[in-house]
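J.: Chains as they are written, first to last, in this note's numbering: chain W, 119 to 450; chain D, 119 to 450.
Watch out, some of these pointers could steer you wrong.
No copy is singled out in the list; a pair is fine if it fits within one copy or between any two copies.
Stated by the list, open to error - Below, in silico cross-link-like pairs of lysine to aspartate or glutamate (DMTMM-like), each with a Cα-Cα straight-line distance of 20 Å or less:
hint, residue 1, residue 2
1, Lys239, Asp271
2, Lys122, Glu426
3, Lys133, Glu282
4, Lys261, Glu144
5, Lys425, Glu126
6, Lys170, Asp250
7, Lys261, Glu354
8, Lys169, Glu207
9, Lys143, Glu163
10, Lys181, Glu132
11, Lys394, Glu163
12, Lys277, Glu226
13, Lys425, Asp121
14, Lys346, Glu382
Derived by calculation from the structure, the hints in this document are not laboratory data.
There are 2 protein chains.
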Amino acid sequence: MIDKAYEELIKMKEKIMRDSYTIHKELSESVESILNELWINYSPESVEHSKKLLAIDGGMWVKETRQGVIFIVNAKAIVFEGINEINSEGKVLVHIFSPGNYAKERIELLMQLLELQLALKLVENVDYVLLDGSFSKKLGRHKSELKVDLLDDIVSIDKILSLEEKDEDNMLRFLIAENQLVLSELVSRYKDKLLFISKNSKSSDLFKQAYSDITILELFTQNCGYSKILEKKIDENYILSRKASKLLSGLNYYFTNLRLEPSERLFRLDFFNADKIFEYLKVLKPVSLKGYPYPLIKVHKDVRVGKEDRERIYSILEMKRKDISWWPSQFY
Amino acid sequence: MIDKAYEELIKMKEKIMRDSYTIHKELSESVESILNELWINYSPESVEHSKKLLAIDGGMWVKETRQGVIFIVNAKAIVFEGINEINSEGKVLVHIFSPGNYAKERIELLMQLLELQLALKLVENVDYVLLDGSFSKKLGRHKSELKVDLLDDIVSIDKILSLEEKDEDNMLRFLIAENQLVLSELVSRYKDKLLFISKNSKSSDLFKQAYSDITILELFTQNCGYSKILEKKIDENYILSRKASKLLSGLNYYFTNLRLEPSERLFRLDFFNADKIFEYLKVLKPVSLKGYPYPLIKVHKDVRVGKEDRERIYSILEMKRKDISWWPSQFY
Chain W
119 MIDKAYEELI
129 KMKEKIMRDS
139 YTIHKELSES
149 VESILNELWI
159 NYSPESVEHS
169 KKLLAIDGGM
179 WVKETRQGVI
189 FIVNAKAIVF
199 EGINEINSEG
209 KVLVHIFSPG
219 NYAKERIELL
229 MQLLELQLAL
239 KLVENVDYVL
249 LDGSFSKKLG
259 RHKSELKVDL
269 LDDIVSIDKI
279 LSLEEKDEDN
289 MLRFLIAENQ
299 LVLSELVSRY
309 KDKLLFISKN
319 SKSSDLFKQA
329 YSDITILELF
339 TQNCGYSKIL
349 EKKIDENYIL
359 SRKASKLLSG
369 LNYYFTNLRL
379 EPSERLFRLD
389 FFNADKIFEY
399 LKVLKPVSLK
409 GYPYPLIKVH
419 KDVRVGKEDR
429 ERIYSILEMK
439 RKDISWWPSQ
449 FY
Chain D
119 MIDKAYEELI
129 KMKEKIMRDS
139 YTIHKELSES
149 VESILNELWI
159 NYSPESVEHS
169 KKLLAIDGGM
179 WVKETRQGVI
189 FIVNAKAIVF
199 EGINEINSEG
209 KVLVHIFSPG
219 NYAKERIELL
229 MQLLELQLAL
239 KLVENVDYVL
249 LDGSFSKKLG
259 RHKSELKVDL
269 LDDIVSIDKI
279 LSLEEKDEDN
289 MLRFLIAENQ
299 LVLSELVSRY
309 KDKLLFISKN
319 SKSSDLFKQA
329 YSDITILELF
339 TQNCGYSKIL
349 EKKIDENYIL
359 SRKASKLLSG
369 LNYYFTNLRL
379 EPSERLFRLD
389 FFNADKIFEY
399 LKVLKPVSLK
409 GYPYPLIKVH
419 KDVRVGKEDR
429 ERIYSILEMK
439 RKDISWWPSQ
449 FY
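This is chain W alone, in the form it adopts within the complex (with noise of 0.2 Å):
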């Protein structure tokens, strides 16, 4: 990097520091008032340590190389009582894509899949499924005037039908709709066990200022509680997949910013039942570790692909930076 731009970080840093008084004059003056209406102190006064709740989270990695794009993707699914591990149950996929488009949203939806597919598979035997990320996100936003139908007979846990089609644009489709497919079944069947937990949230749908809610929320409340419920409509328009639109057409969704212990961060949670939501707190306190619920953070612990993983990676492809020495390319 050149020299000029450690000077501009620094004369950026001393601005912003000189800024922050301003700022949070100006965010106070907006968000004092109304904060009353729009955040809830609460702490539930007895708490629920014997339900079964399943933690699901899926990790990654992903090469691009010139022979075409290799990734590994990875899902976990752990049953928890309280904090203790019940029994878990794994998905993989090793795969390597043609040099293309949309490798990496591609990648992404399968990783998702695997995870809606382990969802589905245990939903039937626990009291609670935690998910990582917002519904919203996990359903998508896709506008076509051609819905897709070709996988509608079929809501597979074991197999991934989209990855059989050859066209990229087409598998992109293809695989937004599966998610869709196998979400609409989780939702349609078992939507009061479903809790969408995201701790990045950037949604500004109760305060609407330039700062995230969140945000706003870390910075001018401290104690357990959650913010007003505000309810979403599910719009078929955005939903690909034929059979999943009219699974989900109409329904309303509801999500809160929860903090579960003082002073803690808070986090987002999408749910389905809004006269649940003591009962989902009363279950979620209890696993609190610093306010976060702890049977994600260990899934997330045993999927996500560390640097030894990686290390381990490179030395089974044999891969040295961009190149893998043994890959037949670079041999005829």
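Guided by the hints, dock chain D onto chain W, whose structure is given.
T.: Relative to chain W, chain D alone:
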């Protein structure tokens, strides 16, 4: 990562090695008969040492935090005579986007804009300009009924006007237009000097195979030379800036894949004057380092944000993992 992933990775590797014989056989059958038409063995008899080459590249550092996306983009232009540095000039931008859309796209466009501004500023005093990346990537491809003409009167080499726009969608459109404006100014006034060099070209216009042209040429040729020169017409419909679309409308550019040293890798060259290809080869050959133009290697080294840079950035920002300790929203 779950353990099963390693087993699957090893299986995949074994399968690829088993399949490689078949793939190579199939490929060589369809390629070898047309190779003579599409590849020309050639090495210039004399070379040109005393021309002035301007090599330009950019680097970036991006960190997404809860408070927004902080980034540094820097660009550098070095004037070379052969492989000797004569002088240089740098540009840097340190900035924050509030959490929002298209951050990555906008940052990449900002980096490219710094590079193009440096090119426009310094092109007058040099014989050739070496830019990293393909011409079509720099121009972009953005179909839109609505042309942008807001910035058309000013081609700035010092300021970035798009940054003044608050709306994210508009800023993205303006940045595309502003890049196209500077690029079209460069092309319309200095096109014979411009050489666009891409080391990772994935285009397959030549052999029209699932593998890229460069991959195929690296498999089936060893000598110095270049592939059949192909021509492309610029389609004004995909240019957002009204002025740039007028300046570039209907213009042709050319591209070929070059090998400057025996058995070394190829790169793609985009240029505007097909008659000058031998002149370009005479200039590029003596600055080749393992087949790639040394001036671009050197300037890339100067702008890239390496491990030490990142550590220094983290220390200036007092940053740990995803948080910056002094950032205002953490204090109040």
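J.: Are the hints correct? Go through all of them and say.
T.: Against the structure, the hints come out as follows:
Proximity of Lys239 and Asp271 under a CA criterion of 20 Å is satisfied intra-copy only: 17 Å inside one chain copy versus 61 Å between copies. In this homomeric assembly, Lys122 and Glu426 come within 20 Å of each other (Cα to Cα) only across copies, at 15 Å, whereas the closest approach inside a single copy is 35 Å. Taking identical chains as interchangeable, the C-alpha atoms of Lys133 and Glu282 lie at most 20 Å apart only when they sit on different chains, with a minimum of 18 Å there against 54 Å within one chain. For the homomeric pair Lys261 and Glu144, neither the shortest alpha-carbon distance inside one copy (38 Å) nor that between copies (40 Å) is at most 20 Å.
For the identical chains of this complex, Lys425 and Glu126 are inter-copy neighbours only, at 19 Å across copies versus 32 Å inside a copy, given an alpha-carbon limit of 20 Å. Taking the shortest alpha-carbon separations for Lys170 and Asp250, only the intra-copy value of 17 Å comes in at or below 20 Å, while the best inter-copy value is 55 Å. For the identical chains of this complex, Lys261 and Glu354 are intra-copy neighbours only, at 9 Å inside a copy versus 27 Å across copies, given an alpha-carbon limit of 20 Å. In this homomeric assembly, Lys169 and Glu207 come within 20 Å of each other (Cα to Cα) only inside a single copy, at 19 Å, whereas the closest approach across copies is 64 Å.
Proximity of Lys143 to Glu163 under the C-alpha cut-off of 20 Å is found in neither arrangement, the shortest distances being 36 Å within a copy and 72 Å between copies. Taking identical chains as interchangeable, the C-alpha atoms of Lys181 and Glu132 lie at most 20 Å apart only when they sit on different chains, with a minimum of 18 Å there against 38 Å within one chain. In this assembly of identical chains, the alpha carbons of Lys394 and Glu163 lie at most 20 Å apart only when taken from the same copy (15 Å versus 81 Å across copies). Taking CA atoms no more than 20 Å apart as the test, Lys277 paired with Glu226 passes inside one copy only; the shortest distance there is 16 Å, against 37 Å between copies.
When the C-alpha separation of Lys425 and Asp121 is checked against a cutoff of 20 Å, the pair qualifies only between copies, where the shortest distance is 15 Å, while the shortest distance within a copy is 30 Å. Taking the shortest Cα distances, Lys346 and Glu382 sit within 20 Å of each other inside one copy (19 Å), while across copies they are farther apart (63 Å).
This entry does not satisfy hints 4, 9, going by the numbered hints stated previously.
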